[in-house]
Amino acid sequence: MKERGSVGDTMRHSRGWAMAGTVAVSVLAGAAWITTGKAQTRDATGAPTPGAAAIRPGIAALVARPRGRVDWQGAVGGLRQSANVGESLATNLNREQVDQTAVPILLPQDAKLTAGARIYSFGDYYTITSNTTGGRVSLSGTTATVPMPASKPLKIETGPEMLTVQRTVDGQLASFVRYGVLYSVEIRCDAASDPRCADDNYVLGLVGKTTAVVMGKAAREAAGLGG
0 MKERGSVGDT
10 MRHSRGWAMA
20 GTVAVSVLAG
30 AAWITTGKAQ
40 TRDATGAPTP
50 GAAAIRPGIA
60 ALVARPRGRV
70 DWQGAVGGLR
80 QSANVGESLA
90 TNLNREQVDQ
100 TAVPILLPQD
110 AKLTAGARIY
120 SFGDYYTITS
130 NTTGGRVSLS
140 GTTATVPMPA
150 SKPLKIETGP
160 EMLTVQRTVD
170 GQLASFVRYG
180 VLYSVEIRCD
190 AASDPRCADD
200 NYVLGLVGKT
210 TAVVMGKAAR
220 EAAGLGG
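For the sequence shown, numbering that gives the first Met the number 0 begins at 0 and goes up steadily by one.
Please keep in mind that the hints were generated in silico from the structure rather than gathered at the bench.
In this text the structure is predicted, and so the values were computed from the model without any measurement.
For each residue, glycine too, the CB sits at the ideal point set by N, CA and C.
Check before you lean on any hint, since a few could be wrong.
[What the hints assert, rightly or not] Ranges between beta-carbon positions, derived for each pair: (1) ASP189 x ASN93: 24 to 30 angstroms; (2) ASN130 x GLY225: 33 to 39 angstroms; (3) LYS208 x GLY76: 16 to 22 angstroms; (4) ALA114 x GLY76: 26 to 32 angstroms; (5) VAL168 x ASN200: 14 to 20 angstroms; (6) GLY223 x ARG135: 17 to 23 angstroms.
[As the list claims (entries may be wrong)] Quick list of in silico lysine to any residue cross-link-like pairs, SDA-like style, CA-CA up to 25 angstroms: (7) LYS208 x GLY115; (8) LYS208 x ARG94; (9) LYS111 x GLN72; (10) LYS216 x THR132; (11) LYS216 x GLY133; (12) LYS208 x ASP70.
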């Protein structure tokens, strides 16, 4: 009987190209562009300004795109499986920012990595940054999703779906879906020779252990667990 390969090997089979980490930024940028566009095409009374350029429907459609639906039942299951591990790892995160986050937060089960981490919440989008020796790790989660290339879900019970890995200018970026949320894990290195950024082994290993679920007040309320 052939043994199943490691999680990292299995994950490579669904490698592709995506820039999931920039999805929420792009959406926010699009929203800002449209707001500016409206100010330029209407006068103080709100009436259209003659000769003003119309807003491009493509941008408007992007901003109007409905948010993804969080699988709260699955997320609560992940929260219970994490037991107290998630809360322990989140000890040093700003609690106010955690409570404002309306999606399940995923943390790597690596106390050294989360010890100096910082979280920035935008409601249904968050990003966490952590400095490491000679590099930086970023983690993010958002419900603002865009269509991704068709691929078969990974046959791993607790693994991510729609996993993609991309080589960036100074590191590796992995994106995946779990609980209906689009997450990304990125490693950036100061030196091009750093083995963590030379290939995808490190970032895939980081994805494999980014399983601890943390829910703040907003997420708990959305999940029906109370604040």
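Hints, one by one, checked against the model:
For the hinted restraint 24 to 30 angstroms between ASP189 and ASN93, the CB-CB distance of approximately 26 angstroms keeps it satisfied. Range check, ASN130 to GLY225: about 35 angstroms between beta-carbon atoms, so the 33 to 39 angstroms window is met. Checked against the hint of 16 to 22 angstroms, the pair LYS208 and GLY76 passes, with Cβ atoms roughly 18 angstroms apart. A hinted range of 26 to 32 angstroms for the beta carbons of ALA114 and GLY76 is consistent with their spacing of about 27 angstroms.
Between VAL168 and ASN200 the Cβ separation comes to about 19 angstroms, which falls inside the hinted range of 14 to 20 angstroms. Evaluation of the 17 to 23 angstroms hint for GLY223 and ARG135 yields a failure: the beta carbon distance comes to about 36 angstroms. Pair hint LYS208 plus GLY115 holds up; C-alpha atoms about 18 angstroms apart against a cutoff of 25 angstroms. The hinted pair formed by LYS208 and ARG94 meets the criterion: a straight-line CA distance of about 23 angstroms does not exceed 25 angstroms.
For the suggested pair LYS111 and GLN72, the alpha carbons sit about 30 angstroms apart, so the restraint of at most 25 angstroms is broken. Of the supplied pair hints, the one linking LYS216 and THR132 is violated, its CA atoms being roughly 33 angstroms apart against a limit of 25 angstroms. This hinted pair does not check out: LYS216 and GLY133 have alpha carbons roughly 35 angstroms apart, beyond 25 angstroms. For a cut-off of 25 angstroms, the pair hint linking LYS208 to ASP70 stands: about 20 angstroms separates their Cα positions.
Checked against the numbered hints above, the structure violates hints 6, 9, 10, 11; every other hint is satisfied.
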